[in-house]
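Participant: Now for the letters of each chain:
Number of protein chains: 2
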Amino acid sequence: MTDLTPAEETLRELVAAENLEELASFIETLSPSETARCISRLTAEAQHRLFFLLSPEDAADVIEDIPEAQAADLVEDMPSEQAAAIMEELSSDHLVDVLGEINADVSQAILAKMDKEDAKEARMMLEYAPDCAGGLMISEFLVYKTDNTIQDVLDDLQANRSKYIDYHVQYFYIVNPEEKLAGVLRIHDLLFPAKETLLSQIMISKPLRVSDKASLHELENFFEEHHLFGAPVVDDGNRLVGVVLPQDIEEAVNKRKTKNFLRLSGIIGGEEFRTMPLLSRSGRRLSWLSMNIVLNIIAASVIALYQDTLAAVITLAVFLPMVSDMSGCSGNQAAAVSMRELSLGMVRPKELLWVLVKETKVGIINGLILGLLLGSVAYLWKGNPWLGVVIGGALAANTLVSVTLGGMLPLVLKRFKIDPALVSSPLLTTGTDMCGFFFVLSFAAAVLPNLKGL
Amino acid sequence: MTDLTPAEETLRELVAAENLEELASFIETLSPSETARCISRLTAEAQHRLFFLLSPEDAADVIEDIPEAQAADLVEDMPSEQAAAIMEELSSDHLVDVLGEINADVSQAILAKMDKEDAKEARMMLEYAPDCAGGLMISEFLVYKTDNTIQDVLDDLQANRSKYIDYHVQYFYIVNPEEKLAGVLRIHDLLFPAKETLLSQIMISKPLRVSDKASLHELENFFEEHHLFGAPVVDDGNRLVGVVLPQDIEEAVNKRKTKNFLRLSGIIGGEEFRTMPLLSRSGRRLSWLSMNIVLNIIAASVIALYQDTLAAVITLAVFLPMVSDMSGCSGNQAAAVSMRELSLGMVRPKELLWVLVKETKVGIINGLILGLLLGSVAYLWKGNPWLGVVIGGALAANTLVSVTLGGMLPLVLKRFKIDPALVSSPLLTTGTDMCGFFFVLSFAAAVLPNLKGL
Chain W
427 MTDLTPAEET LRELVAAENL EELASFIETL SPSETARCIS RLTAEAQHRL
477 FFLLSPEDAA DVIEDIPEAQ AADLVEDMPS EQAAAIMEEL SSDHLVDVLG
527 EINADVSQAI LAKMDKEDAK EARMMLEYAP DCAGGLMISE FLVYKTDNTI
577 QDVLDDLQAN RSKYIDYHVQ YFYIVNPEEK LAGVLRIHDL LFPAKETLLS
627 QIMISKPLRV SDKASLHELE NFFEEHHLFG APVVDDGNRL VGVVLPQDIE
677 EAVNKRKTKN FLRLSGIIGG EEFRTMPLLS RSGRRLSWLS MNIVLNIIAA
727 SVIALYQDTL AAVITLAVFL PMVSDMSGCS GNQAAAVSMR ELSLGMVRPK
777 ELLWVLVKET KVGIINGLIL GLLLGSVAYL WKGNPWLGVV IGGALAANTL
827 VSVTLGGMLP LVLKRFKIDP ALVSSPLLTT GTDMCGFFFV LSFAAAVLPN
877 LKGL
Chain G
427 MTDLTPAEET LRELVAAENL EELASFIETL SPSETARCIS RLTAEAQHRL
477 FFLLSPEDAA DVIEDIPEAQ AADLVEDMPS EQAAAIMEEL SSDHLVDVLG
527 EINADVSQAI LAKMDKEDAK EARMMLEYAP DCAGGLMISE FLVYKTDNTI
577 QDVLDDLQAN RSKYIDYHVQ YFYIVNPEEK LAGVLRIHDL LFPAKETLLS
627 QIMISKPLRV SDKASLHELE NFFEEHHLFG APVVDDGNRL VGVVLPQDIE
677 EAVNKRKTKN FLRLSGIIGG EEFRTMPLLS RSGRRLSWLS MNIVLNIIAA
727 SVIALYQDTL AAVITLAVFL PMVSDMSGCS GNQAAAVSMR ELSLGMVRPK
777 ELLWVLVKET KVGIINGLIL GLLLGSVAYL WKGNPWLGVV IGGALAANTL
827 VSVTLGGMLP LVLKRFKIDP ALVSSPLLTT GTDMCGFFFV LSFAAAVLPN
877 LKGL
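So the protein sequences, as listed, match chains W and G.
The first sequence begins at 427 in our numbering and counts up by one.
The second sequence begins at 427 in our numbering and counts up by one.
FYI, nobody ran anything at the bench for these hints, they're computed from the structure.
Keep in mind that the hints are not guaranteed to be accurate.
Copies of the same chain are indistinguishable here, so a pair counts whether it falls within one copy or spans any two.
Capping the alpha-carbon separation at 25 Å, the derived lysine to any residue pairs in SDA-like fashion look like this [stated by the list, open to error]:
id : residue 1 : residue 2
1  : 546       : 507
2  : 776       : 708
3  : 840       : 701
4  : 808       : 727
5  : 808       : 868
6  : 542       : 517
7  : 840       : 430
8  : 681       : 697
9  : 606       : 550
10 : 589       : 578
11 : 840       : 771
12 : 632       : 451
13 : 621       : 588
14 : 685       : 647
15 : 787       : 703
16 : 621       : 584
17 : 843       : 430
Isolated chain W, as found in the complex:
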């Protein structure tokens, strides 16, 4: 079906040969995207064998490298003991990401088989929405008590060197005896004072913090405003529950953008990879298309209403799709600017009037120019000035409609808490199609005697 890359070939052979040691060291040489591709190209059976062969640590490294949707699929198919052993080796944020993607029953079964402490922590994090601070925080950070001394910290660092190797250690977080956040220390603050100094004496009290319920947008703003390398997350009682890192926030923003891009293009219900089962790919795409077919029927019914006009001037049929397509494009441009301004907070959902004024101006200019262009084409083609006026006028009018509609629709959807990425494009297309058909055909009907026989 396709020629395998050497890496894919090697992986296939090593799995077939059940060569555990070489397998683990070979995978380590692959980049994360190569790992993801090579594994996805194995048969389902070979994938099972691969994960059966790998140690939980090595398997966890693989799981961290590949896209979440793929990781979730793999984990879902494993016996829950094996999945639990691998999950325990994941870093806390990856663990929650993967568990969040898989079927709730399966994830409960896996959690039940995990180490009690790890499972408790994971359950706590799973209770948060995945896009708020609680869902994005990590638990690999260093926390000490106000009555610890610098020497205590040094002893702990010395004793746990290997454990702390992946930890975020630019800051230390200090809590009081009730586990409430009391202060923050930068690691270089430890370098100078005497070793018996209490942390409470040198820490920065009342440090910046974020609520565990802070939204992704708030976190983005927080790190844009404060150039920190991490921020403590506290619950309503000011207890320290985790730490968020700026790179994890950016990554979450990235994921959201990917999701929006896919939704805008009609891929809904999560990511699709071509290695997923045919029927699930086909079915998810169809579910969106069937909604579209209904909208299309509604739009086309306008044409059916004017069938007599169309029969009299058959040339109009050539221009109907052009007017509706062009206006669809104009509308999508305006919608994209609105979605971008909304996501940056440069426009508020209630500022419909402001957007209307701004887009009306663009709509008039672009409508006139595009109308003039297409109208001239129509006139030159058939040599009938009335056809030029009808087509040019319809495109001008519909450009204005679609640009203003496209600009305002995302704001309206946002106000009703509907995801603009999901519905703005189908709704907009239906609207601009209907109006486009209506303008062309009603303008033509109005001057019908001048167009007859075209």
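Dock chain G against the given chain W, drawing on the hints supplied.
Facilitator: Positioned in the frame of chain W, the structure of chain G alone reads:
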């Protein structure tokens, strides 16, 4: 035109009153997105006055908070002395981002007025492509020599505390006398050994590093593979030239996604905000639309060729836009999956055959189901089974074409180093429109006697 928010009102008043002190402290209370919106809603003249009033430090804080396109517009309009004073206060990566967005003549003029050292550093970074390690690195990191002792480091940290406050200090980078990267130290490695220990004795030699020419995709893979909080950037001679941070890489990926989203929606040539001048907004949108109008004329010419068939069966005009729209949607779904798989490295640009096979299967299933649906609608509406067969058959055939075309097009474009986000959607729409019109009209022509009078 629109009701101002209290924050916008306050900013307007403070600028009008030229109340410098309150102005600076008021802006500090705003979140970055509020700052961006409030400033964008000021008149051009008030914006000038605002930046004239603010100290370079405060102005730099504002510039770091707002979107780059907006920042670049503001800076371009300033006298170059004022711009230079502000630029000197920006962190190195923001500086390069803003200078990279503005007109080259203006940025040269600003650089000429800047502190020599800062300008030299900025020029060096501007020579790199903005999306490679050299363009993304920061210069705010700590570097020491192999023959420095721990005490030297401590003295330096003590002496430069305030300067280093925003620095990435989780790692120290160690260079040999020729400025070549020799090793890395984690800050906690300094805590334990004797103060007169040489850094070369305790550093991690041959540390992980990235080339200054490493692409964004390589950097993304690097940080996915190695969970580091920063990586040294070296030039061809292994000289240390900067440090890249994972959050900056994620941010660059974010920017690229935004650009792709906007391009896909027909916003080309950089971001558009509604506060930008009307004619530049309108002109940039038009430049893309005029290309589209040509493609639309090409597609619609297929209808012109079959005008006789259409005249004989006017009902077909109702279904032409439906078949082309539906197929356009199916094609966009497949194109989105390909773009996503390409960006993850899950598919290689040469694997056309693999994508063809995978998409053909989806195309057949979805084509049959959608064709059956729309064919039944056509049949039930007019009571003519032949109409159902023509419409259903055309949609089925065109779904197959557009799904395979949509899946393969991004791979082909990628191979020819053309940006799929920019051209795949217009090309795809033209192709699926043409085929859709052709299928409907040629199928109808083939069974014309059975359709007459519909």
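Participant: Against this structure, judge whether each hint is valid.
Facilitator: How the hints compare with the structure:
no.	hint	verdict
1	546 to 507	within (17 Å within a copy, 58 Å between copies)
2	776 to 708	between (38 Å within a copy, 24 Å between copies)
3	840 to 701	between (34 Å within a copy, 21 Å between copies)
4	808 to 727	between (27 Å within a copy, 13 Å between copies)
5	808 to 868	both (20 Å within a copy, 24 Å between copies)
6	542 to 517	within (16 Å within a copy, 45 Å between copies)
7	840 to 430	between (46 Å within a copy, 20 Å between copies)
8	681 to 697	both (10 Å within a copy, 21 Å between copies)
9	606 to 550	within (17 Å within a copy, 47 Å between copies)
10	589 to 578	within (17 Å within a copy, 29 Å between copies)
11	840 to 771	within (12 Å within a copy, 33 Å between copies)
12	632 to 451	between (47 Å within a copy, 20 Å between copies)
13	621 to 588	both (23 Å within a copy, 23 Å between copies)
14	685 to 647	both (21 Å within a copy, 20 Å between copies)
15	787 to 703	between (49 Å within a copy, 11 Å between copies)
16	621 to 584	both (14 Å within a copy, 17 Å between copies)
17	843 to 430	between (46 Å within a copy, 23 Å between copies)
No hint from the list above goes unmet by this structure.
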